[in-house]
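*Asks:* Sequence:
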Amino acid sequence: MLQSALDARQMPVRNGTFMSSREASNHLNWFTAAAVELGGVDAGCEFLHESGAVPLQPTASETYWFTVNLPEEGLVAAFYIVVRQTIPTCLAGVWMYRGLASDPLLIEHMNYRFSLPRPTFVGSRLPVAPIGLDIDVVEPMKRWTVAYHPADAGIAADIECEALMPPVLASSKEHFDQAIWCKGILRIGGRSYDVDAPGFRDRTWNAPRGEDSLAHPPLDYSWGVMERGRAAFCIRSADDPALGVEWSDRLSLPAERLFHGGWLYIDGSLYGVTRVSKRSERDFSCKGRPLSQKITFEDDQGGTHELTGQVVGAMYYHPWGNVGAWMSNTVWTLDSTLRGHGEIQELMWSEYAKACWR
1483 MLQSALDARQ MPVRNGTFMS SREASNHLNW FTAAAVELGG VDAGCEFLHE
1533 SGAVPLQPTA SETYWFTVNL PEEGLVAAFY IVVRQTIPTC LAGVWMYRGL
1583 ASDPLLIEHM NYRFSLPRPT FVGSRLPVAP IGLDIDVVEP MKRWTVAYHP
1633 ADAGIAADIE CEALMPPVLA SSKEHFDQAI WCKGILRIGG RSYDVDAPGF
1683 RDRTWNAPRG EDSLAHPPLD YSWGVMERGR AAFCIRSADD PALGVEWSDR
1733 LSLPAERLFH GGWLYIDGSL YGVTRVSKRS ERDFSCKGRP LSQKITFEDD
1783 QGGTHELTGQ VVGAMYYHPW GNVGAWMSNT VWTLDSTLRG HGEIQELMWS
1833 EYAKACWR
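Numbered according to the numbering used here, the sequence shown terminates at residue 1840, and the numbering increases by one at each position without gaps.
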């Protein structure tokens, strides 16, 4: 099964290098998937978990994330809800981007709120009324609708999503990923776009999400869907310092502590990712944004694979105050034969930015 850096440490900077900090060892555990299992997710996990069922840390959160990638338009639309499990609030947002935007104010649409009342299910629907977002679990683990009708009459979405594969359950039993296919309509600025395109979703619950500023290199959640679901993947990893990356002479981190799990689904079979070596080309004059990636990885059946990703659009924003993120629309090629679309979702923290940005 998949081996990953469960003991990933925050590495505070001391005299230009990272030093181990056991006290901060679980800051990135929410990002880590130590093993993967195809299916095995109870239908009830589509819905909000009862508070008090298990002891939770104050930052415990449940997430709903759906995204759709329209390759012909170079357009990505994402729909996101984070429910705080120990306090009656949530944050939620919808963003739509194409081209390059180094600030969220410049993208096609951004409606991201940090302080909203906690939503509750109305039957199979989870409405977040203040932003006009409504997610309906039509058939657990198989079909959903995403409706978005904010006060801005020039923006709307009505999308039906269908699973391309069973969900991939992490060993924590508190997270899964899933490739989907999306059909419907997006309307931006009075223009309508027909949606018949790949997408992705994930769910997390009970996981504490500390908002500390970490001394850590950029960390990616990379996903892609190929040939209408024949293949899909998700890899969580930073770049490999052995490949001469920009921070390798500043940050002393072994590669095994930069890998947080992954999986490959192809022709109906699931493979855990056991080892990753990744290098990103970047534009350091534009907040270190990724331009392309080359990823070599091994699976739990002894296979070796190569992914290349070319970024064709990107937006920068702050998921929370102490972290920046690039969401990068990416064209992926797997093993030189399978082509598809997805994203590089990359987190960046202050210590890296101050050391490497120009």
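Just so you know, the hints here were simulated from the structure itself, not pulled from any lab data. Hints are supplied without guarantee of correctness; some may be wrong.
What the hints assert, rightly or not - Think about it this way: if two alpha-carbon atoms lie no more than 20 Å apart in a straight line, the pair counts; the simulated SDA-like pairs of lysine to any residue are:
(1) Lys1836 with Trp1729
(2) Lys1624 with Arg1580
(3) Lys1624 with Arg1685
(4) Lys1624 with Pro1599
(5) Lys1776 with Asn1804
(6) Lys1769 with Asp1749
(7) Lys1655 with Lys1769
(8) Lys1624 with Ser1584
(9) Lys1836 with Pro1690
(10) Lys1776 with Pro1690
(11) Lys1665 with Trp1729
(12) Lys1665 with Met1623
(13) Lys1836 with Ser1759
(14) Lys1665 with Pro1648
(15) Lys1836 with Gln1792
(16) Lys1776 with Trp1802
(17) Lys1665 with Arg1580
(18) Lys1665 with Val1727
(19) Lys1836 with Ser1584
(20) Lys1624 with Asp1749
(21) Lys1836 with Lys1665
(22) Lys1655 with Pro1690
(23) Lys1655 with Asp1678
(24) Lys1769 with Val1727
(25) Lys1836 with Val1794
(26) Lys1665 with Glu1693
(27) Lys1624 with Asn1593
(28) Lys1776 with Pro1801
(29) Lys1769 with Val1620
(30) Lys1776 with Gln1792
(31) Lys1665 with Glu1644
(32) Lys1665 with Cys1527
(33) Lys1665 with Val1620
(34) Lys1665 with Gly1556
(35) Lys1624 with Pro1690
(36) Lys1769 with Pro1648
*Asks:* Starting from Lys1665, check that the Cα of Met1623 is at most 20 Å away, please.
*Replies:* holds (17 Å)
*Asks:* Given the hinted pair Lys1665 and Val1727, is their alpha-carbon gap at most 20 Å?
*Replies:* At roughly 40 Å apart (the allowed maximum being 20 Å), Val1727 and Lys1665 break the hint.
*Asks:* Taking only the CA atoms, is the gap from Lys1776 to Pro1801 under or equal to 20 Å?
*Replies:* The hint is violated at about 26 Å.
*Asks:* Hint check: Lys1665 vs Glu1644, CA-CA at most 20 Å. Holds or violated?
*Replies:* Judged against 20 Å, a Cα distance of about 9 Å means the pair holds.
*Asks:* Take a quick look at whether Lys1836 and Ser1759 sit within 20 Å of each other, Cα to Cα.
*Replies:* At roughly 25 Å apart (the allowed maximum being 20 Å), Ser1759 and Lys1836 break the hint.
*Asks:* Are the Cα atoms of Lys1655 and Lys1769 separated by 20 Å or less?
*Replies:* Status violated; Cα separation ~35 Å.
*Asks:* Given the hint that Lys1624 pairs with Arg1685, does the C-alpha gap stay at or below 20 Å?
*Replies:* holds (14 Å)
*Asks:* Holds or violated: Lys1665 with Pro1648, Cα cutoff 20 Å?
*Replies:* Given pair Lys1665, Pro1648 holds - Cα atoms ~19 Å apart, limit 20 Å.
*Asks:* For the pair supplied as a hint, Lys1665 and Gly1556, confirm whether the alpha-carbon distance does not exceed 20 Å.
*Replies:* Roughly 16 Å between the alpha carbons, so the hint for Lys1665 and Gly1556 holds.
*Asks:* Straight-line Cα separation of Lys1769 and Asp1749 no greater than 20 Å?
*Replies:* Violated, at about 38 Å.
*Asks:* Is the straight-line distance between the alpha-carbon of Lys1836 and that of Val1794 20 Å or less?
*Replies:* violated (26 Å)
*Asks:* Given the hinted pair Lys1769 and Val1727, is their Cα-Cα distance within 20 Å?
*Replies:* holds (16 Å)
Checked against the numbered hints given earlier, the structure breaks hints 2, 4, 5, 6, 7, 8, 9, 10, 11, 13, 15, 16, 18, 21, 23, 25, 26, 27, 28, 29, 32, 35, 36 and satisfies all the rest.
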